[in-house]
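Participant: Using the sequences plus the hints, can you model the full thing?
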Amino acid sequence: MYHSIYDLVTGPLTWLGFGVLVLGGLFRMVSLYSLAKKKDASSIAYNKAKYGIRSILHWITPFGTLGWKENPVITVVTFVFHICLLATPIFLGAHIDLWDLNFGVSWPALPDHVADIMTVLVIAAGCFFAYRRVVDKTVAFVTTWKDWFALCVTMGPFITGFLAYHQIFNYQFMIVLHVITGIAWLLFIPFGRLSHAILGWYSRVYIASEFQGVRHAKDW
Amino acid sequence: MKKCITLMLALAAVVVFILPAFCQEDITEIKDPAFQTLKRPAVPFMHDEHNEKAGLDGCLPCHHEGMENGEFVEGDPAKCADCHEVAPTDDSTDLKTAYHQQCIQCHEDAAKGPVACGECHVK
Ligand code: HEM
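Each protein sequence line maps, in turn, to chains A and B. Going letter by letter, the first sequence gives residues 1 to 220 in the working numbering. Going letter by letter, the second sequence gives residues 1 to 123 in the working numbering.
Think of the hints as simulated: they come from the structure by calculation, not from any bench. Just so you know, not all the hints are guaranteed correct.
Sample of chain B residues facing chain A (criterion: CB under 7 Å; computed from the structure) [claimed, not checked]:
| hint | residue |
| --- | --- |
| 1 | H100 |
| 2 | A111 |
| 3 | G118 |
Positions of the beta carbon are idealized from the N, C-alpha and C atoms, including for glycine.
Facilitator: See below:
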């Protein structure tokens, strides 16, 4: 019973997760681009890679923009959150061991205790964001169920991964729950709130090209 | 008196020679010193009990001295670390992968036995 559930989630369902992430991601990028070309061709004509790259480099640098200088606490939490969010699952020893055993590919791993601390940082940052959505009136006003859903999907694999690693509660239950929440994480990246991970770059290039190319002003 | 000494000597022999032999036979966990410091808890493994329960008659599914045409070649039981290095410089199987591949593969095929990290590395 347990074996068939474990095989199902780590086999076909994991393939589904990565399949939707890659194909769904490509589909969203291509369809959004062609929609922009059809509806907004005059603006697209002004888009230049140089402007876009320059803007993105500023925006991925902590305190590299006026926006990031405005509220230092949010800036630090946001950067720590996103770096740990992406680096932990990719460089986790247990995940790399699974890639190695199943596909014979491997790359350097973070020490387990470092990954463990990064996991706690993601959970702590998530709690901070949740607290802000409730307490800060301005943020609470623009918050919808979609934001809460995105936050839950994002935190799921980190909470369950932490509990599994430390063998808190039933391990077999927790590891299966972890893989399911991990797959949900992959499934929802191309859609809804989380799609900013792959589509947010478009808006940056668009705004950058308008500011730098047309208004001759910085957009950072 | 003589009887007593003989008995005592016999008892001493049992303690010195036979008991340690029993202890050595009884592998109850795998905690390979080749890894030096372990990152994960040692793995409970009752050698004889495991093989009996799993219905493994021979020693070959595990003990080998090499490979030919993708099949293990039977060999005397020896420490895995005698042949599998922790960090080999060539493309031979490293010690951690040797354990994982052997243990997990069979459990997957049999649909029995532990397959996820924490089921073997029990805290
Ligand atoms: C989709 C398939 C996935 C599989 C098969 C998988 C498998 C695993 C396994 C086996 C562990 C180790 C548990 C242990 O040490 O006992 C683990 C831990 C963990 N995984 Fe995943 N995982 C998946 C997806 C994800 C995703 C998408 C994320 C993050 C977004 C993630 C984040 C983590 C974290 C944070 C830990 C615990 C790290 C720690 O506290 O040290 N996993 N995962």
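Participant: All hints are to be evaluated individually against the structure, with a verdict given for each.
Facilitator: Checked hints:
Taking 7 Å as the C-beta cut-off, the interface hint given for H100(B) holds, the closest approach to chain A being about 6 Å. This hint holds: A111(B) has a C-beta 4 Å from the nearest C-beta of chain A, less than the 7 Å allowed. Because the smallest distance between the Cβ of G118(B) and any Cβ of chain A comes to about 4 Å, under 7 Å, the interface hint for this residue holds.
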